[in-house]
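A.B. asks: Residue-level listing of the chains:
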Amino acid sequence: MSSRKPFKEVLREHKTAIILALIIIAGGSVGSYFVIDILRAQDPKRITLATTTSTYDSGLLDYLLPKFTEQTGIKIRVLSVGTGQAIAYGQRGDADVILVHSRSREDAFVNDSGGQIPYGIHRACVMYNDFLIVGHSSNPANLQLGDNITTVMTKLKLGMTEGHNTTFYSRGDNSGTHSKELSLWSLIAWDPTTAGTDYYKDVGAGMGDTLLITYNDANNRGYTLVDRGTWLTFNDTYTILNILAKSVKGEDILLNPYGVIPVNPVLHPHIKFVSACRFVGFITSPYGQALIDAYRKNNAVLFHACFGTCNETHDCSTTDDEIVIWRPYHSEFAGLSI
Amino acid sequence: MSNDIIDGILEAIRLLFTFDRELWGIIEVSFRVSLTSTFLAALVALPIGSFIGLREFRGKKTLSNLINTFMGFPPVVMGLIIYLLLSRSGPLGSLGLLYSTSAMIFAQFFLAVPIITGTAKAAIESVDPTLKETILSLGASERQLWWELIKDSKKSIIAGFLVAFGQAISEVGAVMIVGGNIRWETRTFTTSIVLNTRMGEFGMAIALGVLLISIAFIVNYGLTRLQARGG
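Sequence lines, in order, name chains E and H.
Every position in the first sequence, counted from 1, becomes a number in this note's numbering once 2 is added.
Every position in the second sequence, counted from 1, becomes a number in this note's numbering once 43 is added.
Everything labelled a hint here was simulated from the structure, so no lab data went into it.
Mixed in with the good hints, there may be bad ones.
Claimed, not checked - Which bits of chain H does chain E cover? Going by a derived footprint, with three or more residues having C-beta under 8 Å, they are:
no., stretch
1, 91-103
2, 225-232
3, 237-244
No experiment lies behind these values; they were computed from the predicted model shown.
Note that the Cβ used here is the ideal one computed from N, Cα and C, for glycine as well.
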């Protein structure tokens with residue numbers, strides 16, 4: 003090893019210089035990451051969408067967004083979180099636009115009463131699907147598909163409080179589905195969280211995990227509320243679970259509308275409002291709406307587009323004022339076919 | 044269930060050798076973030092840890108307890124703190140660094156510093172005191188003593204570095220919050236595993252887990268070889 007010694011000596015002689023050079027190289031390359039990330043954050047054609055797990059995890063956005071990017075050159079970074087978290091991101095200015103499903107909280111998000119500055123402006127209803135109540139096929143609470151929703155909730159309540167043959171698993175995570183579930187209990191003027199029953203389990207988990215827990219119910223008597231998108235993702239895996247209750251004709255309560263809202267640039271001046279509005283334009287345009295209707299997962303329809311027709315389908319009202327606001331944004335996507 | 048695991052392993056092999064572009068992007072982000080944060084943490088933590096290990100001073104016990112506590116700092120809480128700092132409504136929001144690999148490096152840096160500090164301190168303290176006396180009796184300056192002790196406890200220090208790296212690459216709570224698990228940008232092995240589980244793609248989740256463990260093994264093996272050679 004004759005070549006080794008001189009090299010070691012060189013190292014020893016210039017130790018300080020070498021260590022300094024290494025630190026500068028390391029510092030410089032790490033520093034350049036930060037600079038690049040800071041510069042990229044300013045790019046007006048790169049926006050952040052905070053949305054619920056049900057729109058992203060179902061694959062819908064991975065199917066829709068490349069078509070938007072192709073047309074406009076705008077890149078969308080998707081944060082797939084719960085509705086509560088997505089709304090918080092919007093309020094704090096960490097997202098440019100939100101796509102969520104909790105009507106009461108969306109209304110609070112755009113609320114401008116009493117001169118307060120709203121967090122978001124010009125909410126548009128984009129699409130809807132429906133919630134289902136699924137459970138073990140043995141169906142101890144004896145739900146029937148034709149039952150109206152108050153009958154369903156009453157049967158579940160009696161199964162928990164009197165029959166002791168029904169366990170209901172609640173998301174308990176402040177998500178859109180969780181809010182919906184609580185509103186269903188309020189229909190029969192009963193609050194399971196304070197009723198002191200051991201048959202109501204607050205699992206504090208996402209939809210997929212909650213379904214898994216329901217499926218694994220030791221006594222085959224688990225029930226839960228699920229959005230159709232997530233259900234279609236898992237129904238092949240959890241084969242002993244079945245749809246035991248769903249929306250009946252003339253009843254809107256189990257419908258699940260999704261709203262899109264750009265964050266208010268008055269409140270957060272750094273918001274890339276123009277790009278965010280072009281995205282809302284895309285998703286509410288006839289082209290975007292046709293894409294949503296065409297999307298299939300396991301050969302099943304996941305979402306029904308409804309911009310501008312919501313009022314007829316159910317109470318998801320995009321106001322006429324807002325329809326007028328979004329129409330001009332559609333022209334960019336006119337003439338495109340799927 | 045066992046079928047899912049076998050399918051997952053087969054899928055892992057297939058993905059790796061078909062050079063799936065998304066997968067290689069995930070590997071790149073995971074390793075860039077974890078290695079950068081661990082190296083940066085080592086630059087800061089080694090001098091501090093060895094200093095604490097070498098010197099006696101008032102409050103050393105309390106400081107040591109503090110470091111030991113922070114070695115087990117819950118990553119998800121660190122994630123939340125970094126999120127609140129980098130959020131647009133937070134004090135550093137104007138940088139726009141949230142949901143970037145830089146933000147992930149910050150979070151993992153602060154998680155790794157106590158681990159490397161603690162192990163470096165323990166390593167220096169566990170050096171045989173007679174060695175310290177011998178070096179000093181030979182007329183070494185404090186700086187020379189310090190250097191000699193670091194060289195002597197090199198193995199433990201590298202082990203501490205490996206623990207910190209292992210924690211960084213397998214961590215999910217903090218990188219999920221500050222990185223946002225954004226496709227093509229901040230998606231790592233662990234956040235991708237969470238996403239695939241949520242989507243019901245259990246085979247894919249297992250495949251990613253198998254790859255993560257295999258690659259982490261190779262990195263550990265390489266560093267351990269380095270440790271053995273250096274010793």
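A.B. asks: Please go over all the hints and tell whether each is borne out by the structure.
C.D. replies: Here is what the structure says about each hint:
{"no.": "1", "hint": "91-103", "result": "violated (count 0)"}
{"no.": "2", "hint": "225-232", "result": "holds (count 3)"}
{"no.": "3", "hint": "237-244", "result": "holds (count 5)"}
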